[in-house]
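Each chain, letter by letter, is given below.
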Amino acid sequence: NAGVTQTPKFRVLKTGQSMTLLCAQDMNHEYMYWYRQDPGMGLRLIHYSVGEGTTAKGEVPDGYNVSRLKKQNFLLGLESAAPSQTSVYFCASRLDSTVWGEAFFGQGTRLTVV
Amino acid sequence: GNSVTQMEGPVTLSEEAFLTINCTYTATGYPSLFWYVQYPGEGLQLLLKATKADDKGSNKGFEATYRKETTSFHLEKGSVQVSDSAVYFCALSARGQNFVFGPGTRLSVLP
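Residue numbers (our numbering), protein chains in the order written: chain A, 1 to 114; chain B, 1 to 111.
Bear in mind the hints are in silico, worked out from the structure with no lab data behind them. Beta carbons: idealized from backbone N, C-alpha and C, even for Gly. A few of these clues could be false.
[To be verified] Restraint ranges, calculated between C-beta atoms of paired labels, are given here:
no.	chain 1	residue 1	chain 2	residue 2	range
1	B	Ala17	A	Gly40	41 to 51 Å
2	A	Glu79	B	Ser83	37 to 47 Å
3	A	Leu69	B	Ala53	21 to 31 Å
4	A	Arg44	B	Tyr30	17 to 27 Å
5	A	Glu59	B	Arg67	23 to 33 Å
6	A	Glu79	B	Leu110	21 to 31 Å
7	A	Thr112	B	Ala53	17 to 27 Å
8	A	Ser18	B	Ser14	31 to 41 Å
[Said to hold, decoys possible] One side only, chain B facing chain A, incomplete, derived with CB under 7 Å:
no.	residue
9	Leu46
10	Val100
11	Phe101
12	Gly104
13	Arg106
14	Ser108
15	Pro111
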């Protein structure tokens with residue numbers, strides 16, 4: 001029973017390098033989200049998707065890109081990493097937009113940019 | 001816009017103490033309310049939820065009641081354990097909106 005799986009779990013990047021974080025869900029959920037979690041800042045929404053082939057910006061989208069080519073996968077890309085992107089990244093999914101539906105979270109990816 | 005306010009802590013309690021973490025919200029319409037818990041090194045997981053006014057969500061000894069008149073959803077537990085040490089997030093979901101999370105409250109329970 002996998003739920004939401006994120007890869008990798010840890011990564012260290014040098015400033016200017018690029019990388020892609022992968023989120024996969026096996027629950028046939030329509031909605032998927034990428035958040036970052038920083039000390040004292042709670043969860044901040046980076047980008048989200050309401051279905052295959054769609055993406056939208058959240059509250060902190062700058063420096064990130066996303067793609068949702070397949071319903072089960074949601075990729076988060078960093079084209080040129082900066083130290084300010086050091087954070088813990090969480091992917092989440094949700095069945096649809098019903099108000100009472102819960103979000104399911106992955107285990108997180110701890111990214112350090114040096 | 002919609003928002004969630006919760007006490008930020010940290011909260012430190014002795015084992016078997018009573019826990020209250022306050023959460024208040026601002027939202028239009030009739031949101032659903034949630035408490036998520038994040039154990040060290042893990043992602044968030046749903047602890048309990050309530051979908052309409054006066055509903056009480058409960059799980060693992062934790063309870064919270066959806067109070068529309070005071071726009072609150074306070075989390076309570078009668079006797080905390082060391083294993084309850086975690087960060088607790090209050091959240092709301094409103095029609096046509098993404099989830100809105102509070103800043104989280106760190107709870108430490110000492111033996």
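Evaluation of the provided hints:
Taken as a hint, the range 41 to 51 Å is violated for the pair alanine 17/B and glycine 40/A, whose Cβ atoms sit roughly 25 Å apart. About 42 Å separates the C-beta atoms of glutamate 79/A and serine 83/B, a value consistent with the hinted range of 37 to 47 Å. The hinted window of 21 to 31 Å between leucine 69/A and alanine 53/B is violated, with their beta carbons roughly 41 Å apart. Separation of arginine 44/A from tyrosine 30/B is about 26 Å and conforms to the stated range, judged on CB atoms against 17 to 27 Å.
A beta carbon spacing of about 28 Å between glutamate 59/A and arginine 67/B agrees with the range 23 to 33 Å that was offered as a hint. Here the CB-CB span from glutamate 79/A to leucine 110/B is close to 45 Å, at odds with the stated 21 to 31 Å. A hinted range of 17 to 27 Å for the beta carbons of threonine 112/A and alanine 53/B is inconsistent with their spacing of about 44 Å. Between serine 18/A and serine 14/B the Cβ separation comes to about 48 Å, which falls outside the hinted range of 31 to 41 Å.
Checking leucine 46/B against chain A by beta carbon gives a least distance of about 5 Å; that is within 7 Å, so the hint holds. Checking valine 100/B against chain A: minimum C-beta separation of about 9 Å lies over 7 Å; hint violated. Look at phenylalanine 101/B: its Cβ gets to within about 5 Å of chain A, closer than 7 Å, so that hint holds up. For glycine 104/B, the suggested interface contact is upheld, since its CB lies about 5 Å from the closest CB of chain A, less than 7 Å.
Annotation: interface hint on arginine 106/B violated; nearest CB of chain A at approximately 10 Å, more than 7 Å. For the restraint placing serine 108/B at the interface with chain A, the shortest Cβ-Cβ distance is roughly 16 Å, beyond the 7 Å limit, so the hint is violated. Interface hint status for proline 111/B: violated, as the beta-carbon distance to the closest one in chain A is roughly 26 Å, over 7 Å.
The structure fails to meet hints 1, 3, 6, 7, 8, 10, 13, 14 and 15 from the earlier list, while all remaining hints are met.
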